[in-house]
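Student: Please construct the entire structure, taking both the sequences and the accompanying hints into account.
Protein chains in written order, with the working numbering: chain A, 23 to 296; chain B, 23 to 296.
These aren't lab readings, by the way, just hints derived from the structure by calculation. All values derive from a computational prediction rather than experimental measurement. Please note: incorrect hints may appear among the correct ones.
Chain copies aren't distinguished; within one or between two, either way the pair holds.
Dumping the calculated DSBU-like pairs for lysine-lysine here, alpha-carbon to alpha-carbon at most 35 angstroms [unchecked claim]: (1) K182 to K247; (2) K92 to K246; (3) K92 to K247.
2 protein chains.
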Amino acid sequence: MLLSRELIFGKVGGPFLADDKRRELKVQSTSVQQCTAGFAQIFDQWRANATFKVLKGWRNEQYPVYAANKQLLFNVERSVSPLLGIVTYGVHMTAFVRTKGSDPTGMLFWIPRRSKNKQTFPSMLDNTVAGGISSGETPLETLVREAVEEASLPEELVRKRVRAAGTVTYVHVRDRRAGGETGLDQPECQYVYDLELDPEEHVIPRPNDDEVESFSLWSLAEVKKALARGEFKPNCAFVLIDFFVRHGILTAETEPDYHEIVTRLHRKLDYPMA
Amino acid sequence: MLLSRELIFGKVGGPFLADDKRRELKVQSTSVQQCTAGFAQIFDQWRANATFKVLKGWRNEQYPVYAANKQLLFNVERSVSPLLGIVTYGVHMTAFVRTKGSDPTGMLFWIPRRSKNKQTFPSMLDNTVAGGISSGETPLETLVREAVEEASLPEELVRKRVRAAGTVTYVHVRDRRAGGETGLDQPECQYVYDLELDPEEHVIPRPNDDEVESFSLWSLAEVKKALARGEFKPNCAFVLIDFFVRHGILTAETEPDYHEIVTRLHRKLDYPMA
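Tutor: Here is the structure:
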């Protein structure tokens, strides 16, 4: 397989980086493994030379890179992905409790605050569980793993009760808050999940790694106010808005831009995808 | 307000109708009312002269026509709308019962069969309640009205229990099954609703007008089979697929085109909208 200069070159850095930051990428290979290894050598050099600031966030996690025909081209270190302008995939789950039967105004939400040491969006509010999908992992397996790792939720309970509820898509344009180079396109597709918890069971998410500072149970009114104040990490706000749409909290009668919001939450990403 | 020849001319009939069927539309007016009345004269003539077959389905219902800036231009008889290529709006509700707690595999669905005398898609399967939103009506008021008219559901119960759950968008290209001219673009935006019924309450939808032949309570497996056989009116199938996505019945693990289906169900309509 030959990845032509044109396929990749236009993406690395794009128009937002100074000329001396642009790089040509070309690897000649017949297999995903060889291609992955060939590019990895280049990326390792970039890291060693501190060519790009975003590589300070090196994760040792592999993300897939697809061609337009859904073919897997190669895998790439997660922190390199913004430089390639590829779609990355993640999972976001909202855990909630009902206190007024089916009436959504009685919902309570488990809201985590991100650790103040997080590289991106420190101390901002987040969805109950969220994480990136690595190469070869399915959305559900990622979700179960992250629910245990980040929120100490029992695996069996998550597998039994969690409900997939679609996807949310957007293009995050990296700014200063995200660290590293600004202006890079990061198209993302998040698989969204709901987890309804029974108040009688007293299942409480608790921090388990250094990602989350604390979890609190917030009323719908409190969540809305925090959204309005911009306290949520932006893509987590999208996921909550999608939750509000799906559960009849945000309606056409209360929001003039209702159908436009619904459409934009599911926008077509004009990039090769899985 | 001047509606330029260019604005409307390209839409009436479009490239699919023979030249002698094309019409120029031009009305000079400063108000929505005058514009509506001016066009209505032309449409009434078309109806009298049987210029277009779709006008055989004259409904005496007014639909809104918007400019790109969301401004209301004029209202138009419903059956004329396919000739103008404008977005029309409707409501679709899925009434269901849970028999296995939160496990969606235990869901039962109230499925109506359309009357064999319906002008469009006779005898096909439908969503529990569906209808077009007339000029000046809100989605929720349309839904409540149609739930009473079409399915004999108690108004109070519908108002209390129904949950808005987003929109579904698509472009219906009129074919022979829909009657009238073929190949006309009909972009549509459907506001979708869920109504969960309590099996203990024995609320049963019943036909109330000549739209529906009968309602039956179908298992999820039966609904899936009927979908696979193409027995549902196509836009009702979209609404059920969206329901399956929102309730975790259709998942990324079981459907390779999952995120593409989710995106397409909420496609951006490249037409002026409300």
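Student: Does each hint hold? Answer for all of them.
Tutor: Hint check:
1. Taking the closest pair of Cα atoms, K182 and K247 come within 35 angstroms of each other both inside a single copy (32 angstroms) and across two copies (25 angstroms).
2. Taking identical chains as interchangeable, the C-alpha atoms of K92 and K246 lie at most 35 angstroms apart only when they sit on different chains, with a minimum of 27 angstroms there against 38 angstroms within one chain.
3. In the homo-oligomer, the alpha carbons of K92 and K247 lie at most 35 angstroms apart only across protomers (29 angstroms), although the nearest pairing inside one protomer, at 41 angstroms, exceeds that limit.
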